[in-house]
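So that you can map any letter, position 40 of the sequence shown is 40 in full-length UniProt numbering, and since no number is skipped, the others follow by simple counting.
No wet-lab data here; the hints were simulated from the structure.
Do not rely on the hints blindly, as some may be mistaken.
[As the list claims (entries may be wrong)] Computed Cβ-Cβ distance ranges for the label pairs, DEER-style:
(1) K200 - Q26: 48 to 56 Å
(2) N294 - A333: 14 to 22 Å
(3) Y114 - R159: 29 to 37 Å
(4) Q236 - H335: 18 to 26 Å
(5) G157 - K13: 45 to 53 Å
(6) P231 - S265: 42 to 50 Å
(7) K200 - A39: 46 to 54 Å
(8) N285 - K120: 53 to 61 Å
(9) S197 - L9: 46 to 54 Å
(10) G76 - K338: 49 to 57 Å
(11) D91 - E37: 45 to 53 Å
Quick caveat: nothing in here was measured; it's all calculated off a predicted structure.
Every residue, glycine too, gets a C-beta built ideally from N, C-alpha and C.
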Amino acid sequence: MEELASNLLDVIKDYRNHDGIQLDTQHIIDWVNQFGEDAEFMLEEINHIIPQVYISKEKAKSFIDEHVDALMRELGYNNIIDFLSNTEFLDLQEPHKSQPAILDILETLLGEKYGESYLKYKTYPKVNFVYFDDILASGSTIGNHLTKWLDDTNADGIRNVDNVLKNNYKLSVNLFCMHTWGQSFQKFRLMKTFDDSLGKKINWFYNLEIQNHAKWSNQSLNIAFPVEEQPSNVKQYLAGLEAEKYEDYAYRKANTPSVEKFFTSPENRIKYENIILQKGILIINMIQNEIKPNIRPLGLINPNYKIFGLGTHFFTWRNIPNNSPLVFWWEVAGHNWKPLFPVANRG
Numbered sequence: 001m002e003e004l005a006s007n008l009l010d011v012i013k014d015y016r017n018h019d020g021i022q023l024d025t026q027h028i029i030d031w032v033n034q035f036g037e038d039a040e041f042m043l044e045e046i047n048h049i050i051p052q053v054y055i056s057k058e059k060a061k062s063f064i065d066e067h068v069d070a071l072m073r074e075l076g077y078n079n080i081i082d083f084l085s086n087t088e089f090l091d092l093q094e095p096h097k098s099q100p101a102i103l104d105i106l107e108t109l110l111g112e113k114y115g116e117s118y119l120k121y122k123t124y125p126k127v128n129f130v131y132f133d134d135i136l137a138s139g140s141t142i143g144n145h146l147t148k149w150l151d152d153t154n155a156d157g158i159r160n161v162d163n164v165l166k167n168n169y170k171l172s173v174n175l176f177c178m179h180t181w182g183q184s185f186q187k188f189r190l191m192k193t194f195d196d197s198l199g200k201k202i203n204w205f206y207n208l209e210i211q212n213h214a215k216w217s218n219q220s221l222n223i224a225f226p227v228e229e230q231p232s233n234v235k236q237y238l239a240g241l242e243a244e245k246y247e248d249y250a251y252r253k254a255n256t257p258s259v260e261k262f263f264t265s266p267e268n269r270i271k272y273e274n275i276i277l278q279k280g281i282l283i284i285n286m287i288q289n290e291i292k293p294n295i296r297p298l299g300l301i302n303p304n305y306k307i308f309g310l311g312t313h314f315f316t317w318r319n320i321p322n323n324s325p326l327v328f329w330w331e332v333a334g335h336n337w338k339p340l341f342p343v344a345n346r347g
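Make the full structure from the sequences, and use the hints.
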C-alpha cells in the first residue's frame with residue numbers, strides 16, 4: 001500500500017499547504033486503514049478517481065486562464081485592457097471562502113501573462129459581471145448571491161436584473177466544477193424569482209461537469225450514488241429521515257451509467273459506494289448530540305431531501321465541499337474517525 005499511498009500523495013500534496021498542512025503517506029495509510037479488509041481496494045479506487053477531480057493550485061490557475069479566454073471570446077474582446085475596463089469580478093463571498101482565493105489567483109495570472117491588474121480598473125463603469133466559484137453542488141450559495149445581486153440597483157436606481165434582461169449587462173457564472181442537478185435548480189429558481197427569459201441571459205462556463213441529474217438520460221453519474229440493493233440498516237436509515245422530497249432520487253437505477261468511466265468498473269463502483277455509505281452511517285451514529293438534518297453519509301444536503309447526500313467527489317488545494325462523503329472530511333473530537341482531507345472553516 002505504500003506505493004499506492006505515495007502515488008496519491010503526488011496528486012494531493014499541495015492540499016492546504018497555505019494553512020501549514022503537510023500530508024504524507026502515513027496520513028493516507030492511517031486514513032485508508034479505517035476501511036479494514038477493504039483498505040487496499042479503497043486506495044486503488046481512490047487512486048483512479050482523485051486524479052480526475054483534484055484541483056491543485058496550479059491547475060486552478062490554468063482553469064482561470066481558460067475562463068478569461070472564454071469570456072473574452074464570448075463577450076467579443078480582443079484586447080485585455082478593454083475587457084478588464086468593462087468587467088467587474090464580483091466579490092460577494094466571505095474572506096475565507098473560495099471566491100476571494102480565486103480572485104487572488106486571477107490577479108496574479110493577469111500580472112504574469114499580461115502585465116495587468118483587474119483591480120486597477122475597479123472604478124471604471126462596468127457592463128460585464130463575472131461570478132467566480134470553485135463548485136456549484138446544490139447551488140444554494142450561488143443562488144442566494146445571484147438573487148441578491150440581481151435585485152440590487154445600480155447608481156441610476158435600475159435593478160441589475162432589468163439591465164441583464166435588456167442586454168445592457170452581461171452576467172457570467174464561472175466555475176471549476178458544476179453539478180447538472182444543482183444548476184437546473186438554480187436556473188429554475190432565478191427564472192421564477194425574476195423572469196423566465198433570464199435563463200437564456202446568463203452565461204455559464206465550467207471546466208468539469210458532474211452529471212448527477214437522475215431524471216436526465218445519458219448522465220455519467222460521476223459521483224457516489226448507490227443502487228437500491230442494500231442491507232436493512234441502510235433501508236432503515238433512509239426510512240427514518242424526516243424529509244419528504246426526492247426520495248425517488250435516493251438510489252441509482254441499475255445499469256446506469258450506460259458506460260462506466262469514473263470508477264474502474266461497474267462492479268467496483270457498487271462496492272466502493274456501498275463501503276462509503278456504510279462508513280458514513282457509522283460516522284453519523286458516533287454523533288452524541290442532536291443530529292443536524294442536513295448531515296448525510298454521502299455529504300451534506302438540503303434537509304428536506306430524502307437522499308443519502310450528493311456523493312460529490314471534487315477536491316481543491318484549499319478545501320473540500322461539505323457535499324462530499326463524510327469519510328473524506330469528518331473530524332470531530334471524541335469520534336473515532338480520521339479524515340483524508342482535514343477541512344478548514346467547518347464545525
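Hints, verified against the model:
no. : hint                    : verdict
1   : K200 - Q26: 48 to 56 Å  : holds (52 Å)
2   : N294 - A333: 14 to 22 Å : holds (21 Å)
3   : Y114 - R159: 29 to 37 Å : holds (33 Å)
4   : Q236 - H335: 18 to 26 Å : holds (22 Å)
5   : G157 - K13: 45 to 53 Å  : holds (51 Å)
6   : P231 - S265: 42 to 50 Å : violated (22 Å)
7   : K200 - A39: 46 to 54 Å  : holds (49 Å)
8   : N285 - K120: 53 to 61 Å : holds (54 Å)
9   : S197 - L9: 46 to 54 Å   : holds (49 Å)
10  : G76 - K338: 49 to 57 Å  : holds (51 Å)
11  : D91 - E37: 45 to 53 Å   : holds (49 Å)
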